Amino acid sequence: MEFTFTPQHLALRRMLREFCEEELRPRAKQLDRTGQPDREVLRLMGELGLFGVPFSQKYGGMGAGEVGYCILMEELNRVCPSTATIIGAHIGIGAMSLYLDGAEALKQKYLPDICAGRKIAAFGLTEPNAGSDAAGIQLRATPEGDSYMLDGQKMWITNGPIADVVMTLAVTDPALGARGGATVFAVEAQWDGFSAGKPEKKMGLHGSPTSLLNFDNVRVPKENVVGKLGLGFVTFMKTLDIGRVSLGAATLGGAQVALEAALRWAKVRSQFGRSIAHMQSIQFMLADMAADVEALRSLVYRTAWLVDNGQPFIREAGMCKLLGSEIASRCIDRALQIHGALGLSRDFHLERGWRDARIAEIFEGTNEVQRIVIASELLQEVGVRIRP
Amino acid sequence: MDFNLSEEQQMFRDLFRDFAEKEVAPVAEHTDHTEAPPAAVLQKAAAQGFLGAPFPEALGGAAMDQLTYCLLLEALAQQCASTAVTVAVHTSLAGLTLLEAGTAAQKEAYLPRLAGGELGAFALTEPDAGSDTSVLQTRAVLANGGWHFDGVKSWVSNGGTAGLYLVFAATEPGKGPAGLSAFIVEKSAPYLVVGHREPTLGLRGLDVRTLYLEGGPLPEGELLGPLNGGWALAQRAQDRFKLALAAVSLGVAENALALGVRFAVERKQFGTAIAQKGAIQTYLADCATEIESVRHLVHHAAWLADQGQPYARAAAMAKYLGARVAKDTANKMLQVHGGYGFSDEYAISRVYRDSRALKIVGGTDEVQRFLVAQAVLQEAGVAIQP
Amino acid sequence: MNIVVILRAVKDPAGLTVNRKAQKVFVNREQYLFNPSDRNALEAGLRLGGRVTVVALGGAPAEQVLRDARAMGAAQAIRLPDAALQRADAGVLTAVFSRLLDRLGGADLVLAGAECLDADLAQVAPRLAQALQRPFIGQAHQLSVTEGTLSVVAAHGRGFRRLEADLPAVVAVAVDSNKPRYAPGQNLINIFTDPAAVETLTAADLELGEAELTPVVELRGEAFPPEREPGKRLDGDVVGQLVDLIRRA
Ligand SMILES: Cc1cc2nc3c(=O)[nH]c(=O)nc-3n(C[C@H](O)[C@H](O)[C@H](O)COP(=O)(O)OP(=O)(O)OC[C@H]3O[C@@H](n4cnc5c(N)ncnc54)[C@H](O)[C@@H]3O)c2cc1C
Ligand SMILES: Cc1cc2nc3c(=O)[nH]c(=O)nc-3n(C[C@H](O)[C@H](O)[C@H](O)COP(=O)(O)OP(=O)(O)OC[C@H]3O[C@@H](n4cnc5c(N)ncnc54)[C@H](O)[C@@H]3O)c2cc1C
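Chains as they are written, first to last, in the numbering used here: chain A, 573 to 960; chain B, 36 to 421; chain C, 6 to 254.
Please keep in mind that the hints were generated in silico from the structure rather than gathered at the bench.
Predicted model only: the values in this text are computed from it and were never measured.
One or more of the hints may lead you astray.
[Unchecked claim] Below are the SDA-like pairs computed for lysine to any residue, each with C-alpha atoms no more than 25 Å apart in a straight line: (1) B:Lys57 - B:Gln78; (2) A:Lys839 - C:Asn24; (3) A:Lys681 - C:Pro189; (4) C:Lys29 - C:Pro230; (5) B:Lys210 - B:Gly180; (6) A:Lys601 - A:Trp837; (7) A:Lys810 - B:Gly374; (8) C:Lys26 - A:Ala849; (9) A:Lys601 - B:Tyr375; (10) B:Lys367 - A:Ala867; (11) C:Lys26 - A:Leu895; (12) A:Lys839 - B:Asp400; (13) A:Lys601 - B:Pro162; (14) A:Lys839 - C:Leu21; (15) C:Lys16 - A:Thr578; (16) C:Lys29 - A:Leu835; (17) B:Lys367 - A:Lys810; (18) B:Lys312 - A:Trp837; (19) A:Lys839 - B:Ala164; (20) C:Lys16 - C:Ala127; (21) C:Lys237 - B:Gln172; (22) B:Lys142 - B:Leu177; (23) A:Lys691 - A:Asp723; (24) A:Lys630 - C:Ala80; (25) A:Lys773 - B:Arg232; (26) A:Lys839 - C:Glu35.
Looking at chain A on its own, in the form it has when it is part of the complex (with noise of 0.2 Å):
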């Protein structure tokens, strides 16, 4: 057993803490207010490498594997959730399914971009009728010459206002419909036919933009098919599986930052003539703050490596993504309720981070849907199968 980060990941780790405390932080408030992503920072972001960090440097990308990328995902969180959500979207998600299985060609097409931060990649798979029940997607792609002809709609889908290159689901076989019928494309956000909708309005994750995404009769060259053709839902799945082990490092991030504001604060605040610190009901949520975090962080690293050892890890991934998000969003409102009534303002970080919390525990599929594909793993185990 070997339960230390290498020279090589502390040194990414401290780059990045100094680049969020830095870069990111300053600026998190004012994502949040304005709803605007910040060209600037995702630039710099882009010199640095931050687009590519667990593809290989052979398509530009940081070659810091499933672990580098966690600790990116941990350290953009602890400082700014739309920026890591954008993060996610781009790397965790959109580009993943090229990675995982794109044609040589198309990744060489595609990924240096993405991975230089000149190309922002989206993941698009839910549609107003398809959310948990991917299967129930309805977006066409029809064959015609040597193209597609993709005509539907995808919605939530984030970074959909500034994608370059959506990830796209699309039946291609209705008769087989999303198992054995569908196909993943590369679809180009300036080709005729593509627009995105208005950024919506959202609780949290404000610097996020999420829209619905327009396919009108959008043609697609047959070479931008993304692995094989009708496997396309098993692409995406196997793209989630994978994009849970991160999630989970986000959410991470977010419990660990709320518990250094807990201690920060339950340090100098006092009250009936002494520091909150030295009342139990706050130590003792301190504690299972911190008994929450160390138990997450083992697991979500513990996962990270399975990734890079080519072990299995779907159902740890499940898990990242099931217990991050509640321990996340536990973290930060036991961190919010030590704040008392200051937790509550918008003149401080703690309800935004509060607010974008929430979501991870619905997005990437929801907190529910983690625990039915657990537990059809563990069923399956004792030959019992089970439907959603």
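Chain A is fixed; fit chains B and C with the ligands onto it per the hints.
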């Protein structure tokens, strides 16, 4: 034992619900979005007698009992928590404290104004006095026949919209709770400066302010209750406020549950309404059960108050459980909404944000638990300090 | 142009608690930082665009600082690991660095941070200049080189002045005088993977003798500076009291 509301209470409840649905609901989202206190709604409420609900008729009130007043807050909160808390602060903290401690002249001068739609505020909390308000930095000194103030009050609800403020200040510094007094200050007082509007996570229609008190004079007669008797007044006001907030929490939780049920019935995934799924059903069952237990706590505490029996402990329990259930219900029902729960287009995210403040305003969860534990241990002959 | 930048790893003050009452400094977490003004010196060197060699004394913390520097863009890194050098005073350091410079075949420009978070003696750079008989400029904020002439904007009193010197020269770079770049992630991964990213040289390699390695400064003990008297608040007739105080002073 009789668990039924009286006929009169039922009639009022229907009236409140009707008012809330017709007048409050349509502007709830707008109120949250613009963060503007719902002035027009409050005027309509005043016209209905709802801003003096438990005040005597002779003073412009509607002479409702505490239980009926709780039904009002619950109904308002089912549509808009900001409106409900605004009314709760106005009534339980400001109005009823005046009614309890005011001289005949004070009551006659002020209560009809409050019942008529001028808002009341209650300025106790200070930057360094939140859970513990026994030591205040704000000072009031009597000089040349008038009170002169110096201090800062924070988190004053209705702070920018009120016409009347009950202000708590140290009249004998160094004596702690035994040196605090309450004062009635008019909005027009030149030494009352309304400061920063607190931008909040939820309850965005509630006008929460920092107040600066700098100078005087406030006529000597505007002392409320006995000199150095402010602490007891504040305690009783807080007990009333807890009951009121418990009723607000109940309404918030009911609202969340109703939104969740509606969504679960309409939303189809995997070929059926998600309401058909066991996990969703469990959420609904848990929330409904908890809401019912809060309702009974609220009604019981209100009934005790109406019977003239001690109700502080019951109110603390109702406030504590109520806030928790409101937040938990809103949280679960947001989850039922899936991605839509995160959208501003659906009311549940507002309800969820609103619910969070309930665990802090009017005494935090931790403080309520302390109070309940104190009562429990007192019965065992043990005295505890916070 | 060959530039040598002298770097140090210093104990991170965030890991320390200073307790005056106990007259003790408690180390809560032993962690090291890239000495801030050294980073500014490195950044200044990288901006000049020459070939930058970084050097540092010590063990693992120095190794980390040197690798960070390489990831930021330094072409070569040399670590002097001898334990004996940990106790070096400014005189010894001067000897070590002049010998090292000889071995490197000289440098057009030697850069160091103008201050150090720990001892902050600010002696090494000027003494090195003296030993090498080169011009020295302290508190540099901006550096540029044109045709063998170094031009420096340096802090002077409350303002700045522009100084010129012929190369080779030694310059101490002021803290916060520039914004050091972040090391690109790819470089970090590669440099921290490469076992040969940092070379080591021992005192023996530099042919330094006992005499040169013996410090003349001896540490006799450490103590806290005396506590400052709290200020006094004047009430009432402030001006009168002030005048009175000044008269008596
Ligand atoms: C901010 C944001 C960003 C997003 N980004 C992306 C993106 O980049 N790309 C993308 O493709 N999608 C994205 N999504 C969509 C997201 O993945 C979906 O919202 C999510 O999968 C849930 O789907 P839904 O919203 O339709 O909820 P529904 O599926 O309608 O679920 C409603 C409720 O029912 C429960 N439920 C559903 N089925 C079952 C069942 N069988 N058993 C028990 N309970 C069940 C759910 O858990 C949930 O509680 C994003 C969403 C948001 C809010
Ligand atoms: C929306 C809103 C409206 C408000 N309106 C008013 C108003 O109209 N008038 C007014 O006077 N005030 C008002 N307040 C202030 C409110 O009463 C205080 O915020 C509340 O009492 C908590 O004080 P605090 O925020 O200073 O938290 P603190 O007292 O600083 O508490 C910090 C943390 O320490 C915990 N803690 C404190 N003491 C103990 C203890 N003894 N044991 C265990 N844990 C403890 C708390 O539970 C909390 O978790 C309002 C607050 C809010 C949020």
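Status of the hints after comparison with the structure:
1. B:Lys57 - B:Gln78: holds, 14 Å
2. A:Lys839 - C:Asn24: holds, 17 Å
3. A:Lys681 - C:Pro189: Satisfied, since the Cα-Cα distance of roughly 23 Å is no more than 25 Å.
4. C:Lys29 - C:Pro230: Given that 25 Å is the threshold and the Cα spacing comes to 12 Å, the pair holds.
5. B:Lys210 - B:Gly180: This hinted pair holds, its Cα atoms lying about 23 Å apart.
6. A:Lys601 - A:Trp837: holds, 20 Å
7. A:Lys810 - B:Gly374: Given that 25 Å is the threshold and the Cα spacing comes to 21 Å, the pair holds.
8. C:Lys26 - A:Ala849: Roughly 22 Å separates the two Cα atoms, so the pair holds.
9. A:Lys601 - B:Tyr375: holds, 24 Å
10. B:Lys367 - A:Ala867: Distance ~24 Å between B:Lys367 and A:Ala867 Cα, so the pair holds.
11. C:Lys26 - A:Leu895: violated, 45 Å
12. A:Lys839 - B:Asp400: With a Cα-Cα distance of about 20 Å, the restraint between A:Lys839 and B:Asp400 holds, given a limit of 25 Å.
13. A:Lys601 - B:Pro162: Holds, at about 23 Å.
14. A:Lys839 - C:Leu21: holds, 17 Å
15. C:Lys16 - A:Thr578: holds, 21 Å
16. C:Lys29 - A:Leu835: Between C:Lys29 and A:Leu835 the Cα gap is close to 24 Å, so the pair holds against 25 Å.
17. B:Lys367 - A:Lys810: violated, 28 Å
18. B:Lys312 - A:Trp837: Judged against 25 Å, a Cα distance of about 42 Å means the pair is violated.
19. A:Lys839 - B:Ala164: holds, 16 Å
20. C:Lys16 - C:Ala127: holds, 17 Å
21. C:Lys237 - B:Gln172: holds, 23 Å
22. B:Lys142 - B:Leu177: With Cα atoms ~23 Å apart, B:Lys142 and B:Leu177 stay inside 25 Å; holds.
23. A:Lys691 - A:Asp723: holds, 23 Å
24. A:Lys630 - C:Ala80: holds, 23 Å
25. A:Lys773 - B:Arg232: Answer holds: A:Lys773 to B:Arg232 is near 24 Å, not above 25 Å.
26. A:Lys839 - C:Glu35: Holds: A:Lys839 and C:Glu35 sit about 22 Å apart, inside 25 Å.
In terms of the numbered hints stated before, the structure departs from hints 11, 17, 18, listed from lowest to highest.
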